[in-house]
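Engineer: If you read the sequences in order, they're chains A and B.
Take the first sequence: its letter number 70 is residue 159 in my numbering, and every next letter is one higher.
Take the second sequence: its letter number 136 is residue 138 in my numbering, and every next letter is one higher.
In case anyone wonders, no lab produced these hints; they're calculated from the structure.
Glycine included, C-beta positions come from ideal geometry on N, C-alpha and C.
Please note that a few of the clues may not be correct.
[Unchecked claim] The calculated DSS-like cross-link candidates involving lysine-lysine, where the alpha carbons are at most 25 Å apart (straight line), are: (1) A:Lys656 <-> A:Lys682; (2) B:Lys78 <-> A:Lys683; (3) A:Lys628 <-> A:Lys656; (4) A:Lys707 <-> A:Lys656; (5) A:Lys496 <-> A:Lys512; (6) A:Lys667 <-> A:Lys628; (7) B:Lys135 <-> A:Lys682; (8) A:Lys682 <-> B:Lys78; (9) A:Lys653 <-> B:Lys135; (10) B:Lys173 <-> A:Lys683; (11) A:Lys654 <-> A:Lys308; (12) A:Lys628 <-> A:Lys543; (13) A:Lys683 <-> A:Lys653; (14) A:Lys707 <-> A:Lys667; (15) A:Lys667 <-> A:Lys653; (16) B:Lys132 <-> B:Lys78; (17) B:Lys61 <-> B:Lys105; (18) A:Lys654 <-> A:Lys682; (19) A:Lys306 <-> A:Lys537; (20) A:Lys682 <-> B:Lys132; (21) A:Lys628 <-> B:Lys135; (22) B:Lys132 <-> A:Lys628; (23) A:Lys306 <-> A:Lys707; (24) A:Lys628 <-> B:Lys173; (25) B:Lys173 <-> B:Lys132; (26) A:Lys682 <-> B:Lys173; (27) B:Lys173 <-> B:Lys61; (28) B:Lys152 <-> B:Lys105; (29) A:Lys512 <-> A:Lys537; (30) B:Lys135 <-> A:Lys683; (31) A:Lys682 <-> A:Lys653; (32) A:Lys683 <-> B:Lys132; (33) A:Lys543 <-> A:Lys512; (34) A:Lys643 <-> A:Lys512; (35) B:Lys78 <-> A:Lys628.
[Unchecked claim] Simulated restraints, written as ranges between beta carbons of each label pair: (36) B:Pro53 <-> A:Phe674: 54 to 62 Å; (37) A:Thr657 <-> B:Leu127: 22 to 30 Å; (38) B:Lys61 <-> A:Asp684: 50 to 58 Å; (39) B:Leu127 <-> A:Val647: 21 to 29 Å.
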Amino acid sequence: MRLINRIKISFLNPSFLSVLLVLLASFAGSFNTFGHAGNEKIAVLAPLSQNFLNYRQDVRNGYASKYYGDVYPFFFAPYPQDVSYSQHPFILGTTNVPPSFDLRSEGRMTPSKNQHTSGCGAFAAMGSLESYLMPYEFHDFSEQNCWDFWVDADGSSMDSYFVSWQGPWNEEDEPWILLNNTALYGSASKMNVQNVLDIPNDKENLRSRTNLMDFDKSKVRKHVQNVLYIPPRSSSLDNDLIKQALMTYGAVSTGLYSNGPNVYDSSTHSFYNPGYPEGGHAVAIAGWDDNYDRNKFSIKPPGNGAFIAKNSGGPGWGDGGYYYISYYDAYFARMANAYSYVLTADPASGLTTIYQYDPYGWITRMGYGSDTAWFANIFAATSADPLVAVSFYTAAALNYYEIYVYKDPNPDLPRSGSLVAQKAGVINALGYWTIPLASSVTVVPGQKFSVVVKLQTAGYSYPIPVEMVLEGFCKKATANRGQSSISQDGTSWNDLTLYQSGRYATANVCLKAFAGYDPFYPPANFAAERLENNFILFKEYIDRLSWDLNPNDKTNIVNYRLYKKGKTDPESAYALIKELPANTFTYDVRALKKDEICHYRIVAVDDRSRESDPADIKK
Amino acid sequence: MRKACLFLASIVVLSSNLSAINFSASLFFGLRTVNDSQVRGSFGNGTVYFPCLAVNFWKGFILGGGYEGGYSRTAKLGLYHESSTLEITGFEIFLGYQIPMGKFCPYVKLGYGSFSYRQSVDNPLLEEFKIDKNDMAIIYGGGIRFYPLKSIFLAGEIKMVHFSVSPVDTKVDLGGFRFLAGVGYTL
Numbered sequence: 090m091r092l093i094n095r096i097k098i099s100f101l102n103p104s105f106l107s108v109l110l111v112l113l114a115s116f117a118g119s120f121n122t123f124g125h126a127g128n129e130k131i132a133v134l135a136p137l138s139q140n141f142l143n144y145r146q147d148v149r150n151g152y153a154s155k156y157y158g159d160v161y162p163f164f165f166a167p168y169p170q171d172v173s174y175s176q177h178p179f180i181l182g183t184t185n186v187p188p189s190f191d192l193r194s195e196g197r198m199t200p201s202k203n204q205h206t207s208g209c210g211a212f213a214a215m216g217s218l219e220s221y222l223m224p225y226e227f228h229d230f231s232e233q234n235c236w237d238f239w240v241d242a243d244g245s246s247m248d249s250y251f252v253s254w255q256g257p258w259n260e261e262d263e264p265w266i267l268l269n270n271t272a273l274y275g276s277a278s279k280m281n282v283q284n285v286l287d288i289p290n291d292k293e294n295l296r297s298r299t300n301l302m303d304f305d306k307s308k309v310r311k312h313v314q315n316v317l318y319i320p321p322r323s324s325s326l327d328n329d330l331i332k333q334a335l336m337t338y339g340a341v342s343t344g345l346y347s348n349g350p351n352v353y354d355s356s357t358h359s360f361y362n363p364g365y366p367e368g369g370h371a372v373a374i375a376g377w378d379d380n381y382d383r384n385k386f387s388i389k390p391p392g393n394g395a396f397i398a399k400n401s402g403g404p405g406w407g408d409g410g411y412y413y414i415s416y417y418d419a420y421f422a423r424m425a426n427a428y429s430y431v432l433t434a435d436p437a438s439g440l441t442t443i444y445q446y447d448p449y450g451w452i453t454r455m456g457y458g459s460d461t462a463w464f465a466n467i468f469a470a471t472s473a474d475p476l477v478a479v480s481f482y483t484a485a486a487l488n489y490y491e492i493y494v495y496k497d498p499n500p501d502l503p504r505s506g507s508l509v510a511q512k513a514g515v516i517n518a519l520g521y522w523t524i525p526l527a528s529s530v531t532v533v534p535g536q537k538f539s540v541v542v543k544l545q546t547a548g549y550s551y552p553i554p555v556e557m558v559l560e561g562f563c564k565k566a567t568a569n570r571g572q573s574s575i576s577q578d579g580t581s582w583n584d585l586t587l588y589q590s591g592r593y594a595t596a597n598v599c600l601k602a603f604a605g606y607d608p609f610y611p612p613a614n615f616a617a618e619r620l621e622n623n624f625i626l627f628k629e630y631i632d633r634l635s636w637d638l639n640p641n642d643k644t645n646i647v648n649y650r651l652y653k654k655g656k657t658d659p660e661s662a663y664a665l666i667k668e669l670p671a672n673t674f675t676y677d678v679r680a681l682k683k684d685e686i687c688h689y690r691i692v693a694v695d696d697r698s699r700e701s702d703p704a705d706i707k708k
Numbered sequence: 003m004r005k006a007c008l009f010l011a012s013i014v015v016l017s018s019n020l021s022a023i024n025f026s027a028s029l030f031f032g033l034r035t036v037n038d039s040q041v042r043g044s045f046g047n048g049t050v051y052f053p054c055l056a057v058n059f060w061k062g063f064i065l066g067g068g069y070e071g072g073y074s075r076t077a078k079l080g081l082y083h084e085s086s087t088l089e090i091t092g093f094e095i096f097l098g099y100q101i102p103m104g105k106f107c108p109y110v111k112l113g114y115g116s117f118s119y120r121q122s123v124d125n126p127l128l129e130e131f132k133i134d135k136n137d138m139a140i141i142y143g144g145g146i147r148f149y150p151l152k153s154i155f156l157a158g159e160i161k162m163v164h165f166s167v168s169p170v171d172t173k174v175d176l177g178g179f180r181f182l183a184g185v186g187y188t189l
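Isolated chain B, as found in the complex (with noise of 0.2 Å):
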């Protein structure tokens, strides 16, 4: 997480000193789904938000990165339907490349996600059994903007975020696509 804040730093901090680079800030909300098919029948897909920040540093190609967070659902599970908690949050970092057409500027992007995944079981037996940990995503997908006005873009993206993890023995994919719609400002 301080890797990804201090690469964002850098992002604001280049942006602003170099005039030729543009700055863009945008907040996105959407759904995502989930691979496992099993966390996906229990806790169900979700929502998330995605505030991110990027920069156009050299002709078509940006640079960004934002944080995840959001999806957080609670289940009835196992032998005894105990209510448990799942909370899936990442940072992720990303390389695009824009085609700006009039007022519209569609783009793809190719990026690295560290994400943190929670599980929690109501029952104090369970405590030990606790799941917090991180591990990395792979990210890819594609979106586009539009300009109404001359700095405030409306955009949409849709991307696939890859992470499998195994907390304990078991394989699980708490990946999945990301259909997201947002609003932002490009200075």
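Here chain A stands alone, though its shape is the one from the complex (with noise of 0.2 Å):
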């Protein structure tokens, strides 16, 4: 009673008026952060990056020349998501981090491809992809497939066109094409010169992408399905996430700035960049040297160290296509709204479906001021194979998610219909994941399905992917009613068109669905060795073939299918030669006449009567 007479008299104070003027106008600022409707509060998207609100203010007032020339490390424009507050430290699997490693002493790195003029961000990420398929498995992957493809989409996550499946082709499906020794981007580029070169596949490769949900996935050469996001480094030594990720999954593409006085030693091929933001590039990072003497470099750094990375000039260019980036250059590996990312595949002969709205990627975010969120997408089935997992994006380094898969889900309700899938689980990295679930769930062709995910990004409130057109950045996503759907709490929805009063009418959550089988891997190590094979008056030339079981492999193998074509015919030639017992690991291709080049594809067959992916030899 007391303290009820000390408010009322409170009331008459002066001061106490003005407490309550400050809290009420911090509860109407805090409405604009993460406000509330009743009891419900709203969603809210995560705040940009400074230099993608730099660039866009830019362009609102008629400033966009200023850009013109200018490549970002992997995009035309600064990368939307504030990425810096992601700078905590968290472990992959290896931890034993020497003084120095180098992928290309273990077999790891594909050769440096020259992109000529430009492209750097698609050579940055083949090489990351191409190196995790090592040393099991040897790919060129086309990197004008994945740059006309960020280039039409004109404004999508770095990683879209992998995980969305829109890639990657292999070089020969669609080879880097340069026009008076300059790249061209995209199709209308390539549309516009198709008579002047000769473009091979043309119609195939000058396909519009205007519709990203209805692309031809048959040159799809693998599946990406997981990629790791590393967060800028935080200092010049904060190097330890980079180094393991190194070990464990293989090149990792990065992004720096490639412009400056006395920058490059090209004595040396060593780089340091004490802080000129200028000529954004992006390279595959392929090892390190602790020790790499600091005196090496044109402008001394303050001490020794460097990375070792493949740039896209060609195996004539710096040592080998390689060169050493000190620790303590201001950008490399740093930038606020980059980050670093290894991009993992599984064979494109496991999972069949993908069931898809984002299909230009993680291009913002959305919380609730909380670090818990719940979002869903309902797809109808186009496939009678089986749902076997889901993918989405983690923001955080600590992530705990559950997974629920409802069948027959009323139109609003995602969490309706029956239960027929759930999964709970931890991630402890950044990235793009696919979760399998615990067991496969049937559906028939046009059957309707939920996807629902309760995802809580420790520490960060803005845990659900959302893919939608931002100015200056995306312009091409669509969504329609009835395919997202986001919540607080599990129990209220709202559908994502029209929240707010369809602010968010062209956002979908970045949620995808698989359908499928195992993943199937194709035969490790395949080789091949030229033998001659001496009569004395004349030789024969053979083809000596070699391949292992592929260790990732859990599938039960039961022979395996050799093809064989000329070197200049097209990858539909490919004819079987032999097929041959599992237990089988060798085979010789006889009666090859000297200057006879052959190419060889092998798929193993599994008790199903599967094929595996190809594993190719191209000479």
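Got two chains here, separate frames each, mind docking them using the hints?
Structural biologist: The structure is reproduced here in structure tokens:
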């Protein structure tokens, strides 16, 4: 009672009124950040990166021309997400980090290719993916196909080309194309020169990407199902995550600024940019040397140590296509609006169907002011293959998830219908992750099903990954009612397209579902050795093919199928030459002439007559 | 081969029309060596037979021709030790000079040969690799005839056959010495 009286008295006190005003003001302010509607908070978008905001303001003010010719590490505009918050330490599989390491000496790097004028982001990404697949598989993927996607998409997340199953294609399916020694970007530019250049498979290559949901999957050679994001380095010696990723997965794609006086020393192939934010570039990190001498740099950094990076200048550039970048570089793998990342891939022969509404990927994030939120997609089955996995992005170093799959949900209630699968777990890294369901879910074509995720991104208040039109970056995203929903508590749901009076009319949550079967890996270490069989008066030439069981494979292999084609023949010319039992790991292709060069392909066949992804040998 | 047959026929015709010219027919057997060490190591040296016609057409000069056959050897070759057969045959014509010395008649000769060489491997996969070719050879050597009877002679001959070939892309020396002994009849 005394307390109440005191409060009553205080109402008349001017100082109390001032406190009340401050409280009301702060309430109004918090509404802008995480507003309330009744008892429910309102979800809002995560802050955008300052670089991007500056860029967007310049474009709004008519200063877009100041950015012409400037190529950001991965795109033509600064990446909109501010990822600097994510500089939390987390541990990957390997913790024992040696003073030096080089993926080249482990046979886990593909040769450097020459981008000529642009496309570095695609070269860096492919460098990462190809490295991940080695040493068991050697691939040369098409940077052109990736670059075309990025250009045609006109704003997408850096991994969307991969995780939406647009690629990767093989290099020979869409080679890097130059006109007057200049790289061509995008379908449109290539359409303009198709009569000038001898572009193979031009009609297919020049396909419009206006509808990303309707694309040719036949040339997609791998399915990228997981992408590890490595936060920007917080200091010059904050390198352990990159080092662990290199040892665990392979090459790491990252960004830097490459221009500035004396930043590159061509005699030692060393690079150190102390602070010139010019000339965005991307490379694939291949290793490190903690003792790399600081005196080898044109501009002396404060200490020793360098990363080894594969550039996209071809093997004739630098040290066989590689150079050494100082740990003390001001921008290398430490830009506030760009993750470094590692792409991993599964066989394209495993998962057969992708259900998605976010072909442009993770553009931004939403949250309710808490590090936990729910999001869901309702899909219609297009195949009778069973649902086996779900994928989404995580924005924190520690993430707790719950996944629910319902069949035949009500249109506006993702958590209705019959619950047919659920799973919970922890992901202790940032990135894009595919989570296998505990058991597969049968569906019939046309049947509706919902995938619901409760995600807690520990310490980070924007857990919902979103694809949407974002002025100045993503222009083509679309959404329809009945696709994506969000919820604060998993009970009350909002269709994103209707949310907040249509403010998110183009938004979908980045949540995919997959149907299919176990991944079926290609035979490992597929190699050919050219032998001379000497009959004195003549020589027969033999390609001795050898391969190993892929250690990742859990499938019951019953035999191997070997195919052959001439070097210049199209892919369709591969002809079966032999079917071999599962315990055979070598085969001699005989009766070859000296100049007869062949390409070979091998697939494993399992007891369900399923063929694995192919492994190819191309000389 | 047709040229060689015509040549031998002409010798017979010539010898039958000219009484001053004597004609001989002989048959030799003997050993042949192979210069190429790989061929020799795999197929080995071998034996040959050599029927021969010759005419002493002017003073000590003789013109002749014959056919060498009999070298056909099989060996296990290559990475898979597959059975391979090498066969070498050939016609030769020669110009010689002899010096009658009682019952002995030594001679020297220089000739040209047209030799065939064939190699096959017992594997249908390699059917199109089979070698069946002709090439020319240079032959020189000498020998001696011994006439125990007026028209019948025994003979010994040593000759060198230079026969280097390039059937595909490597050079192989299929030439070698011949160590022959024979018997003949002089008209």
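Engineer: Hints first: check each against the structure and report whether it holds.
Structural biologist: Hint-by-hint comparison with the structure:
Restraint check for A:Lys656 and A:Lys682: satisfied, since their Cα atoms lie roughly 13 Å apart, inside the 25 Å limit. At most 25 Å may separate the alpha-carbon atoms for a hinted pair to count; B:Lys78 and A:Lys683 meet this at roughly 22 Å. In summary, the hint linking A:Lys628 to A:Lys656 is supported, as the alpha carbons are separated by about 21 Å, within the 25 Å threshold. Between A:Lys707 and A:Lys656 the CA atoms are separated by roughly 8 Å; this keeps the pair inside 25 Å, and the hint holds.
Distance restraint check for A:Lys496 and A:Lys512: the Cα-Cα separation of roughly 15 Å lies within the 25 Å cut-off, and the hinted pair is therefore satisfied. Between A:Lys667 and A:Lys628, the direct Cα distance comes to roughly 23 Å. Compliance with the 25 Å bound is thereby established for this hinted pair. For the given pair, B:Lys135 sits about 19 Å from A:Lys682 by alpha-carbon distance, which is consistent with the 25 Å threshold. Distance hint between A:Lys682 and B:Lys78 is fulfilled; the C-alpha atoms sit about 21 Å from each other, no more than 25 Å.
Between the alpha carbons of A:Lys653 and B:Lys135 the distance comes to roughly 32 Å, so the proposed pair goes past 25 Å and is violated. Proximity of B:Lys173 to A:Lys683 is assessed by CA-CA distance (about 16 Å); at most 25 Å being required, the pair is judged to hold. For the proposed pair A:Lys654 and A:Lys308, the alpha carbon gap of about 18 Å is at most 25 Å, so the pair holds. With a C-alpha separation of about 67 Å, the suggested pairing of A:Lys628 with A:Lys543 is violated against the 25 Å cut-off.
Proximity of A:Lys683 to A:Lys653 is assessed by CA-CA distance (about 17 Å); at most 25 Å being required, the pair is judged to hold. For the suggested pair A:Lys707 and A:Lys667, the alpha carbons sit about 18 Å apart, so the restraint of at most 25 Å is met. Of the supplied pair hints, the one linking A:Lys667 and A:Lys653 holds, its CA atoms being roughly 9 Å apart against a limit of 25 Å. Annotation: proposed proximity of B:Lys132 to B:Lys78 holds, straight-line Cα distance about 15 Å (limit 25 Å).
Of the pairs offered as hints, the one joining B:Lys61 and B:Lys105 holds, with about 17 Å between alpha carbons and a cut-off of 25 Å not exceeded. The hinted pair formed by A:Lys654 and A:Lys682 meets the criterion: a straight-line CA distance of about 14 Å does not exceed 25 Å. Taken as a hint, the A:Lys306 and A:Lys537 pair is honoured in the structure, with Cα atoms around 23 Å apart against an allowance of 25 Å. Under the criterion of a C-alpha separation no larger than 25 Å, the hint pairing A:Lys682 with B:Lys132 is consistent with the structure, at around 13 Å.
For the given pair, A:Lys628 sits about 16 Å from B:Lys135 by alpha-carbon distance, which is consistent with the 25 Å threshold. Between B:Lys132 and A:Lys628 the CA atoms are separated by roughly 11 Å; this keeps the pair inside 25 Å, and the hint holds. Proposed proximity of A:Lys306 and A:Lys707 is supported: the alpha carbons are some 22 Å apart, at most 25 Å. Between A:Lys628 and B:Lys173, the direct Cα distance comes to roughly 12 Å. Compliance with the 25 Å bound is thereby established for this hinted pair.
With a C-alpha separation of about 16 Å, the suggested pair B:Lys173 and B:Lys132 falls inside the 25 Å cut-off, and the hint holds. For the given pair, A:Lys682 sits about 17 Å from B:Lys173 by alpha-carbon distance, which is consistent with the 25 Å threshold. For the proposed pair B:Lys173 and B:Lys61, the alpha carbon gap of about 41 Å is over 25 Å, so the pair is violated. As the CA atoms of B:Lys152 and B:Lys105 are separated by approximately 9 Å, the hinted pair is consistent with the 25 Å bound.
For the hint pairing A:Lys512 with A:Lys537, the CA-to-CA distance comes to about 20 Å; that is within 25 Å, so the pair holds. With a C-alpha separation of about 20 Å, the suggested pairing of B:Lys135 with A:Lys683 holds against the 25 Å cut-off. For the hint pairing A:Lys682 with A:Lys653, the CA-to-CA distance comes to about 15 Å; that is within 25 Å, so the pair holds. As the CA atoms of A:Lys683 and B:Lys132 are separated by approximately 15 Å, the hinted pair is consistent with the 25 Å bound.
Under the criterion of a C-alpha separation no larger than 25 Å, the hint pairing A:Lys543 with A:Lys512 is consistent with the structure, at around 10 Å. Proximity of A:Lys643 to A:Lys512 is assessed by CA-CA distance (about 22 Å); at most 25 Å being required, the pair is judged to hold. Straight-line distance between C-alpha atoms of B:Lys78 and A:Lys628 comes to about 14 Å, which keeps the hinted pair within the 25 Å bound. For B:Pro53 paired with A:Phe674, a C-beta distance near 57 Å keeps the hint of 54 to 62 Å intact.
Distance hint for A:Thr657 and B:Leu127: a CB-CB separation of about 24 Å, consistent with the stated range 22 to 30 Å. Restraint check, B:Lys61 to A:Asp684: a C-beta distance of roughly 57 Å satisfies the suggested window 50 to 58 Å. Roughly 27 Å separates the CB atoms of B:Leu127 and A:Val647, a value that falls within the hinted 21 to 29 Å.
In terms of the numbered hints stated before, the structure departs from hints 9, 12, 27, listed from lowest to highest.
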